[in-house]
Amino acid sequence: MNGAWIAVVRRDMLLALRRRSDVATTLFFFVIVASLFPLGVSPEPALLRTLAPGVLWVAALLACMLSLTRLFAVDYADGTLEQMVLAPQSLTLLVLGKVFAHWLVSGLPVVLLAPVLGLQYAMPNDALLVLVWSLLLGTPALSLIGAIGAALTLGVRGSGLLVALLVLPLYVPVLIFGSGAVAASQSGLDAGAYLSLLGACSLLALALTPWATAAALRIAVE
Amino acid sequence: MKIMTGINWFKYSSPPAFYPLAGLLIPWFYTLATVFAAVGLYISFAVAPTDFQQGEAYRIIFVHVPAAWMSMFLYLVMATWAGFGLALNARLSHMMSQALAPTGAMFTLLALVTGSLWGRPMWGAWWVWDARLTSELILLFLYIGFIALQASIDDPRRADRASSLLALVGAVNVPIIYFSVKWWNTLHQGASISMTSAPKMAITMLTGMLMLALAFWMYSIAVALVRVRCIILERERRADWVRQLVEVKF
Amino acid sequence: MHWNSLGEFFAMGGYAFYVWTSFGLTAVLVAWEVLGLRARRNQAWRDLQQARLMDQTDLGEAR
Amino acid sequence: MLSAQDLACTRGDRLLFTGINFELRAGQLLYVLGENGSGKSSLLRILCGLRSPEQGQVSWQGEDIRRQSDAYRSDLIYIGHLNALKDDLSALENLSISCSVLGQNDGAVRARAALQGLGLARCADIAVRNLSQGQKRRVALANLWLSRARVWILDEPFSALDTAAIVLLASRIGEHLAAGGMAVLTTHQEVVIAAVTVQELRLT
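Taken in order, these protein sequences are the chains called R, L, W and C.
My numbering puts the first residue of the first sequence at 1, with every later residue one more than the last.
My numbering puts the first residue of the second sequence at 223, with every later residue one more than the last.
My numbering puts the first residue of the third sequence at 473, with every later residue one more than the last.
My numbering puts the first residue of the fourth sequence at 536, with every later residue one more than the last.
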């Protein structure tokens, strides 16, 4: 059973390696958006420090959302998605493989790069650590929830914008807990409550969303 | 391929039976709505006393609170219809959930605007990042997402099922969103500015709001039935029973 | 009834703008939706009527 | 045994076909014929469960395919108009990964043998993007040499193939039917396939 799951992940990772530009665009977008705010607001460190949690989290969220349309669109276009729907393995499991590969390509790099940007925002070290933890716990939920939006808007005209419209309201809890965690640690409070809530969001998403994404894929493939 | 006009288009069990039934119910719900509205307005203006703190401005809650209740209630009703539609593969249920969406979005918008109109005289700010108002705003985005998805998919069958699935996913997320927004609101600002400090609920005010809420509810049912009849006419153009309707009418 | 004059009623204790805009907006949105639906219904009937005429001409030609 | 009872299908609000009934047993071949747009592809998609019919049902071994989620799908292979190939991967990678997604894990070895059989030995390792349309179609059809499925549902398998490949594919289908398999085909070319019985289903 998990042979199929590994195969799906391996295929997507192979494709991602062969086409590094996709990974790069997600990262560049994250960096660019995060660097715009000091230009737009002010380079003054104290102000940037208060801005940092929200800005970095919104940038990470948007970066992840941008790469969502690629999640199923290519498979839908070349027929691989049909074969996955027809595979004996449960579609939910294969969807999990796809989302995990997407997270590796778009979620993990953002988590690894975030501390570097955090330094740009004059964030203290322990806040940087909490930032990494919050992104590590939060980005899986972003990919999982986003997969539903990607599956619902497959092959629909204007799907890039539509995914954002469908998915952003559902991202609000993750954003609140994520940026809240970093803000709390910056102001000396304990971020444990936030991080556990964030983890809860990801686990809930892990439990519920693959089924919804699989159902959406079956609707799209019809 | 020649269009098979002669043969009996296979039976749509529910829409032909539902269409005339809805037609009968609509006038009743409209009248009920107007009666409740009249009573509600009478209470909100004539019976409810002037509030010693907020003067007359508080009367806005007679519209704001019922609208907020309805926006939330209609989303849940929409999600239930969507659930039935997906479970029973019934086109009519999908149509019902689509028929409710615009009315729900309207009430959400109404709740937001009346909320800010009430906030301005009371707290001097057009927009207050109060937990409930913020959640209403996000609920509005969920409605718009539902309507946009339904409108942008051409094939009606797929549009039905995709938007119904979105409504279900949204319904699961609404409590989480409300909880996280309340958590966010209480931590950032404390309860200094908050809509919850409305005047204590005198009985008359509560009945006034209930009357208007009932009026809004009857109104929503009537409008949803009218809209679902429109959707049926637009979608079942080729059905035989619709042809007979056209014959009878023209 | 504690409004002792119509003018006072409309003044709404100085908050006339806010109260009447709220209630007015409710009325406007309700009216807009009901009228919009009426227009949509008529449009649906016109389309059906037009489709019927087209079918008749097709049938005419086919016979 | 694959059977369809009173199938009907619509596209948008247009009726494509209605009242389709047939039964397909081991070793039998079903041709689905009809002009373009008559719903051939939709019928095939309904048969493999990708699409749910407006009315009627499809049953495999006597049971509705919608109720038995994976039993039917492990016995089925569907090749539609799309080749289901990744342009950035090589033919060999594509085939071995699609095998392991379907649960057979000795894909790589058998894939190379299948590609050799189809005369694609030397282009097994280059990216599919560089292959011609005919070669891509052959790589997609190579799955028929790898699959152990009993039911083959093929949507215009012979399109974009040269005569040699057509003969090769026809004999492979013949082998499959002789071994007790079943096949549902749509095609525009006349191809001779040795089969126990050939049924024809014409969609008006």
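Please note that a few of the clues may not be correct.
Here are some chain L residues the structure puts well away from chain R; computed CB gaps all over 10 Å [to be verified]:
(1) Pro-238
(2) Ile-248
(3) Trp-250
(4) Gln-276
(5) Gly-277
(6) Val-299
(7) Leu-308
(8) Val-335
(9) Arg-342
(10) Phe-363
(11) Trp-439
(12) Glu-469
(13) Lys-471
Taking CB as the label site, the calculated pair distances span [stated by the list, open to error]:
(14) W:Trp-492 x R:Ala-46: 44 to 50 Å
(15) L:Leu-298 x C:Asn-640: 45 to 51 Å
(16) R:Val-31 x L:Leu-298: 39 to 45 Å
(17) R:Ser-35 x L:Phe-401: 29 to 35 Å
(18) R:Phe-28 x C:Arg-664: 57 to 63 Å
(19) R:Leu-119 x C:Gln-651: 55 to 61 Å
(20) L:Phe-401 x C:Arg-664: 44 to 50 Å
(21) L:Val-257 x W:Ala-488: 23 to 29 Å
(22) R:Val-41 x L:Ile-425: 46 to 52 Å
(23) C:Ala-729 x R:Leu-161: 23 to 29 Å
(24) L:Phe-401 x R:Gly-54: 15 to 21 Å
Hints were generated in silico from the structure; no laboratory data involved.
Since this is a predicted model, take the numbers as computed values, not measurements.
We put the CB at the ideal spot given by N, CA and C, even for glycine.
Against the earlier hints, flag every one the structure doesn't satisfy and list their numbers going up.
7, 10, 18, 23
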